[in-house]
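K.L.:
Whenever a hint applies, use it, and build me the whole structure from the sequences.
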Amino acid sequence: MNVRRATPADLEALLPLVHGYRRFYRQEHDAQRERAFMEAHLRDGTSVVYVAEEDGTLVGFVQLFHTFSTVFLAPALILEDLFVDPGVRGRGVGSALIGAAEEYARAIGAAVMFLETAVDNVPAQAVYERKGWTRESQFYKYNAPL
Numbered sequence: 273m274n275v276r277r278a279t280p281a282d283l284e285a286l287l288p289l290v291h292g293y294r295r296f297y298r299q300e301h302d303a304q305r306e307r308a309f310m311e312a313h314l315r316d317g318t319s320v321v322y323v324a325e326e327d328g329t330l331v332g333f334v335q336l337f338h339t340f341s342t343v344f345l346a347p348a349l350i351l352e353d354l355f356v357d358p359g360v361r362g363r364g365v366g367s368a369l370i371g372a373a374e375e376y377a378r379a380i381g382a383a384v385m386f387l388e389t390a391v392d393n394v395p396a397q398a399v400y401e402r403k404g405w406t407r408e409s410q411f412y413k414y415n416a417p418l
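If you're matching positions, the sequence shown starts at 273 in my numbering and goes up one per residue.
It is possible that some hints are incorrect.
As the list claims (entries may be wrong) - Restraint ranges, calculated between C-beta atoms of paired labels, are given here:
no., residue 1, residue 2, range
1, Asp392, Gly317, 30 to 36 angstroms
2, Ala416, Ser367, 21 to 27 angstroms
3, Val384, Thr329, 15 to 21 angstroms
4, Ala285, Ala416, 33 to 39 angstroms
5, Arg305, Ala416, 18 to 24 angstroms
6, Phe411, Arg305, 28 to 34 angstroms
7, Ala416, Gly317, 14 to 20 angstroms
8, Gln410, Gly362, 30 to 36 angstroms
9, Arg276, Pro395, 23 to 29 angstroms
10, Thr339, Phe309, 33 to 39 angstroms
11, Thr318, Gln410, 35 to 41 angstroms
Honestly, the hints are just simulated from the structure, not real lab data. Heads up, the beta-carbon is just placed ideally off N, CA and C, and yes, glycines get one too.
P.N.:
Below, the structure is given as structure tokens:
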């Protein structure tokens, strides 16, 4: 398995994974908007995407967004998306993608990286916890209806 930073040339191979990720979170398939969203981020560098590749096929991705922490007075990263093709789960792909994200975070001097996952996404929670991530217990998360 090879984990590397994605480029705009990876768009076509990445889109089925994006669709699978959105389907997992019960979102309607919208090929045009999925393409436009990922194409813009890859082209403009407004996110950082790493992909896992096996035998020339993309089998997972992680997408990071830059932000800042006033608490730490330093850059921070949001691990917004992590998805592994169901056919290759349990083989360390998710851990490898998280490792690449953590390496990138250290390289840019980020003070913290955070993520959200569904309460019932127990397999992903196990991966995060094996990697040393801790579940938030001091703050509540709120969403604004827009």
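K.L.:
Taking the earlier hints as the rules, which of them does this structure contradict?
P.N.:
Of the numbered hints given earlier, those the structure breaks are 2, 3, 7, 10, 11, listed in rising order.
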